[in-house]
Amino acid sequence: MTVEITQGVLLTDEATTKVKELLGEKDLWLRVAVQPGGCSGLRYQLYFDDRELDGDVVNEFDGVRVVTDRMSAPYLMGATIGFSDTIEAQGFTIDNPNATGSCACGDSFH
Amino acid sequence: MCGVKVVVACDAVGETRAVHAGRVLAQAWRDAGAQVALVPMGATGSDLVTALRDAGAATGTDPFPTARTPDALVVVPPRVEQPAWTGTSESAGTALEAALADPRALVAVDLTTVPAHDGGAGLLSALGATADTALTGGWGALDGITALDLEAPRARLAGCELVGLVDIDDTATPLTSLRGVSSVRGRAEGLDLSEIVAADTALGALAALAGVDGVLPGPGAAGGNGLAVLALGGTLTTAPALSAGLAHLDRSLARADLLVSACTSLDIGNYGGPVVRHLAGLAVAHGVPLVVGAGHLAMGGRELRAHGVEAGYALDATTARSLRSSAAGMVRTWTW
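Protein sequences appear in the order of chains W and V.
So for the first sequence, the working numbering puts the first residue at 1; every next one is plus one.
So for the second sequence, the working numbering puts the first residue at 1001; every next one is plus one.
Calculated directly from the structure, the hints in this document are not laboratory data.
Beta carbons: idealized from backbone N, C-alpha and C, even for Gly.
It is possible that part of the hints are untrue.
Footprint (simulated), chain V over chain W, 3 or more residues, beta carbon under 8 angstroms [to be verified]:
(1) 53-59
(2) 63-77
Over 10 angstroms on every C-beta distance to chain W, these chain V residues come out as not near it, computed from the model [as the list claims (entries may be wrong)]:
(3) 1005
(4) 1131
(5) 1177
(6) 1197
(7) 1241
(8) 1268
(9) 1289
Label pairs and their computed distance ranges (CB to CB) [to be verified]:
(10) 1128(V) - 52(W): 34 to 44 angstroms
(11) 1303(V) - 24(W): 56 to 66 angstroms
(12) 54(W) - 1149(V): 18 to 28 angstroms
(13) 1080(V) - 52(W): 51 to 61 angstroms
(14) 1128(V) - 21(W): 51 to 61 angstroms
(15) 1251(V) - 41(W): 31 to 41 angstroms
(16) 48(W) - 1015(V): 53 to 63 angstroms
(17) 1080(V) - 54(W): 26 to 36 angstroms
(18) 1132(V) - 62(W): 36 to 46 angstroms
(19) 98(W) - 1070(V): 32 to 42 angstroms
(20) 58(W) - 1149(V): 28 to 38 angstroms
(21) 95(W) - 1306(V): 34 to 44 angstroms
Build the full structure now, drawing on both the sequences and the hints.
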């Protein structure tokens, strides 16, 4: 039996489409980072960046480059970024198998 | 003679120094018939030097604040005003180097007075360490480091047990990774991620060359200065813990009936400060009640007991006389 180990962050088709729409013609990366803080200990940061930092983990999804810095990578292995536009949820979502719990505000995890 | 055995281990109370407050309370219990042991305590390295000197330790002719006993010395590098992010820990090493002119079996250095972000590289350099990059230029100068020679500082400290003093809430801080000093300090200062990652990488390289795992608890203490002590085979502790160790407080508590302390303020913000917090842990471990007098008492009985303090009392430390008279009820209640 082979076990596939997923490096870095995954992007769903919906999220890929949305990122492309937001980027337009700009040549930028989607950076996903984790920072200490929030009521559950850790928070996500999503933003567009034009740099590659030493030790970055990079994945590409249909032309969209997703990058994670060296410090955040261990907390994001296999995390999936999706995009929802429904009455219940709007915006980017993160499904992170590494997260053991989160808080009521939905803003932080541990 | 009531025979109750009391250990008195006070922090400073307002302007009254720790050992002076301790002497007043110790005498009050002695006058009530108790057997009393007085232990000098310090909340910080500087406070510990003061307490040891007040208790009779030699002051000598050291260029930096130092207290010496037959078996130990405690040196406090002069406080430096510099931006921590770009600072060097070199002056901490200079003070330690000066103290080693007359070493003791245990050598303790306060790591908190020199704010830096170089993993203690400057401190190591002042003790003779060398590398293929500059060690005294902050973390930025460590970029590309591939070799580190610690033979000289290790030889300098041969025969000595090196101890680094850090804050009570800082003993388990990692040096690198997401919860390491670069990440936490860099994000708190709003620095760019590229700079945070670069600093983390530089300190990680230094730690690896020093044989220390930067991700483990400890090397990030005192802004990363803790790494230098661990790299030289030393340990990290707090001033109250060292105070207790130097006085063999564990042995005294094994025979004591009561532990008494005092502090400036006892409230839910500070829980009495580092000395009382440390003593509360010892008291619980030894099953000895801890009672605390405070210049400002703002914790209820239930909250105190949940944090290892059996009872709190308000003290007036304006003068020795007012301290003695304000402690009368506490002494009367805790004498049997």
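Each hint tested on the structure:
| no. | hint | verdict |
| --- | --- | --- |
| 1 | 53-59 | holds (count 3) |
| 2 | 63-77 | holds (count 6) |
| 3 | 1005 | holds, 44 angstroms |
| 4 | 1131 | holds, 20 angstroms |
| 5 | 1177 | violated, 6 angstroms |
| 6 | 1197 | violated, 5 angstroms |
| 7 | 1241 | holds, 26 angstroms |
| 8 | 1268 | holds, 19 angstroms |
| 9 | 1289 | holds, 35 angstroms |
| 10 | 1128(V) - 52(W): 34 to 44 angstroms | holds, 39 angstroms |
| 11 | 1303(V) - 24(W): 56 to 66 angstroms | holds, 58 angstroms |
| 12 | 54(W) - 1149(V): 18 to 28 angstroms | holds, 25 angstroms |
| 13 | 1080(V) - 52(W): 51 to 61 angstroms | violated, 36 angstroms |
| 14 | 1128(V) - 21(W): 51 to 61 angstroms | holds, 60 angstroms |
| 15 | 1251(V) - 41(W): 31 to 41 angstroms | holds, 40 angstroms |
| 16 | 48(W) - 1015(V): 53 to 63 angstroms | holds, 56 angstroms |
| 17 | 1080(V) - 54(W): 26 to 36 angstroms | holds, 30 angstroms |
| 18 | 1132(V) - 62(W): 36 to 46 angstroms | holds, 44 angstroms |
| 19 | 98(W) - 1070(V): 32 to 42 angstroms | violated, 53 angstroms |
| 20 | 58(W) - 1149(V): 28 to 38 angstroms | holds, 36 angstroms |
| 21 | 95(W) - 1306(V): 34 to 44 angstroms | holds, 39 angstroms |
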